[in-house]
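**Q** 1 is the number of the first residue of the sequence shown in the numbering used here; add one for each residue after it.
Take these hints with a grain of salt, some might be off.
Unchecked claim - With a straight-line cut-off of 25 Å between C-alpha atoms, the simulated DSS-like cross-links for lysine-lysine are: (1) Lys166 to Lys295; (2) Lys84 to Lys109; (3) Lys269 to Lys295; (4) Lys45 to Lys84; (5) Lys358 to Lys328; (6) Lys167 to Lys136; (7) Lys269 to Lys210; (8) Lys49 to Lys109; (9) Lys269 to Lys137; (10) Lys359 to Lys328; (11) Lys66 to Lys49; (12) Lys193 to Lys166; (13) Lys210 to Lys295; (14) Lys45 to Lys66; (15) Lys222 to Lys328; (16) Lys210 to Lys109; (17) Lys269 to Lys136; (18) Lys109 to Lys167; (19) Lys167 to Lys295; (20) Lys295 to Lys136; (21) Lys84 to Lys73; (22) Lys295 to Lys328; (23) Lys166 to Lys210; (24) Lys73 to Lys49.
Everything labelled a hint here was simulated from the structure, so no lab data went into it. Model, not experiment: these values are computed from the prediction.
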Amino acid sequence: MFNLAIICGGPSLERGISLNSARSLMDHLSSSNITIHPIYVDLEKNFYKISCGQLYSNTPYDFDFKLAQTAQKLSTDLLIQTLKGVDLVFPVIHGAYGEDGELIALLEKANIPFVGHSSITCRNMFNKHIAAEILKKNGFHTLPSLLIEAIDLASIETFFQQHALKKAVIKPTAGGSSIGVSVVTSPEEAVQKASQYPGPMILEPFCDGKEFTVVVLQNPDKSVTALMPTEIEISYENNQIFNYRRKYLPTANTFYHTPARFDFDVIQKIGSQAECIFRLFQMQDFARLDGWLLKDGTLFFSDLNPISGMEQNSFLFRQAALSGMSHKQILLNIIHNACIRHNVASPQIPEPIFPAPKKPVFVLFGNYTSERQVSLMTGVNV
1 MFNLAIICGG
11 PSLERGISLN
21 SARSLMDHLS
31 SSNITIHPIY
41 VDLEKNFYKI
51 SCGQLYSNTP
61 YDFDFKLAQT
71 AQKLSTDLLI
81 QTLKGVDLVF
91 PVIHGAYGED
101 GELIALLEKA
111 NIPFVGHSSI
121 TCRNMFNKHI
131 AAEILKKNGF
141 HTLPSLLIEA
151 IDLASIETFF
161 QQHALKKAVI
171 KPTAGGSSIG
181 VSVVTSPEEA
191 VQKASQYPGP
201 MILEPFCDGK
211 EFTVVVLQNP
221 DKSVTALMPT
231 EIEISYENNQ
241 IFNYRRKYLP
251 TANTFYHTPA
261 RFDFDVIQKI
271 GSQAECIFRL
281 FQMQDFARLD
291 GWLLKDGTLF
301 FSDLNPISGM
311 EQNSFLFRQA
321 ALSGMSHKQI
331 LLNIIHNACI
341 RHNVASPQIP
351 EPIFPAPKKP
361 VFVLFGNYTS
371 ERQVSLMTGV
381 NV
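Make a model of the complete structure from these sequences and hints.
**A** So, in structure tokens, the structure goes:
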């Protein structure tokens, strides 16, 4: 029996997405040969051993308030003891604590095998300023940017003037899912947006081009393979961006095209550069890289995601499906690669000897009610 611990939740606004990712792992990996052990991290970074059933809550708010009654709180020592009792840990905390290297440093210190990158790599990927500096130093195209650690209108005005900006983007140096990202049209508006976020920000020109995202996988022999990229088609009217709502909630203004509707040589170039970046940052197992195809044909990688979202319709699964891999297969490949690196025996998944003929089953869900999101989850589970 292979024992897999899933660490989800976390203190960031992305903890609901983390719960969705954990649910996908539960759905596609739980079997007679794999036992899932969910570990939940609350807003205060307390660890709880929760039941598998709690992963099927709509949001963390459905059980956050009753964790003391429904879950086992784990001290640091008990957490380490619990995690040492499993074969592998799969962290799926998105945003702060999960992707910035803090959680991974804890696992590294305790010599606990896990899926994903080292704590140093996570830090370098997650911090947009650090990542851009590394990319620039190694010859990749980057945009001019201003690091705002203390709000200074004069320096922001100078940046607007130097680059003749009519429109710019301001975003946190550390954060995901486009949380805290805004389009601004003046230095004064940039100051206003920066004052609303407690932490360093980056100001850069508004990117004029086509957005894409690409998943890169590491193979057991340490080679890497970029999957076919997804083009993100979106309307940028009224200074809109590919924000949290457009990423995770229903909208008629965003469309995904996998593979991207780019020329073949552009797709090859995206894959080649993504693989180079994967190796440059010493990433492990899998990662998702977001970028832009600019109007002059230049590629610009804007965000390096240490832990790709794993919702049922996520980019990871969309691109894996195009390569002929099911949700289960891509997850097992990722786990297998991590097991080899940590010298852990991979889970053995027996294939049915006499698979029954498949019949189509139509599942109806959705509709125009306030419960359509619950219906969507139910339909996906079916």
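**Q** Is Lys295 close enough to Lys136, meaning Cα to Cα at most 25 Å?
**A** Distance of about 20 Å is within 25 Å: holds.
**Q** Would the hint linking Lys269 and Lys137 be met if the CA-CA limit is 25 Å?
**A** Satisfied, since the Cα-Cα distance of roughly 19 Å is no more than 25 Å.
**Q** Does the alpha-carbon distance linking Lys73 and Lys49 stay inside the 25 Å limit?
**A** Given pair Lys73, Lys49 holds - Cα atoms ~6 Å apart, limit 25 Å.
**Q** Given the hinted pair Lys359 and Lys328, is their alpha-carbon gap at most 25 Å?
**A** holds (20 Å)
**Q** Just to be careful, I want the Cα atoms of Lys45 and Lys66 compared with a cutoff of 25 Å; is the pair within it?
**A** Between Lys45 and Lys66 the Cα gap is close to 16 Å, so the pair holds against 25 Å.
**Q** Hey, Lys167 versus Lys136, does the alpha-carbon distance stay inside 25 Å?
**A** Measuring from Cα to Cα gives roughly 23 Å; hence the hint holds.
**Q** If you draw a straight line from the CA of Lys269 to the CA of Lys295, is it 25 Å or shorter?
**A** Measuring from Cα to Cα gives roughly 15 Å; hence the hint holds.
**Q** Does the alpha-carbon distance linking Lys166 and Lys210 stay inside the 25 Å limit?
**A** holds (19 Å)
**Q** Has the given pair, Lys193 with Lys166, been kept, meaning a C-alpha gap of at most 25 Å?
**A** The given pair, whose Cα atoms are some 16 Å apart, holds under the 25 Å limit.
**Q** Check whether the Cα positions of Lys45 and Lys84 lie no farther apart than 25 Å.
**A** holds (19 Å)
**Q** Is it true that the CA of Lys84 sits at most 25 Å from the CA of Lys109?
**A** holds (12 Å)
**Q** Given the hint that Lys167 pairs with Lys295, test it: the Cα-Cα distance must not exceed 25 Å.
**A** With a Cα-Cα distance of about 17 Å, the restraint between Lys167 and Lys295 holds, given a limit of 25 Å.
This entry does not satisfy hints 16, 18, 22, going by the numbered hints stated previously.
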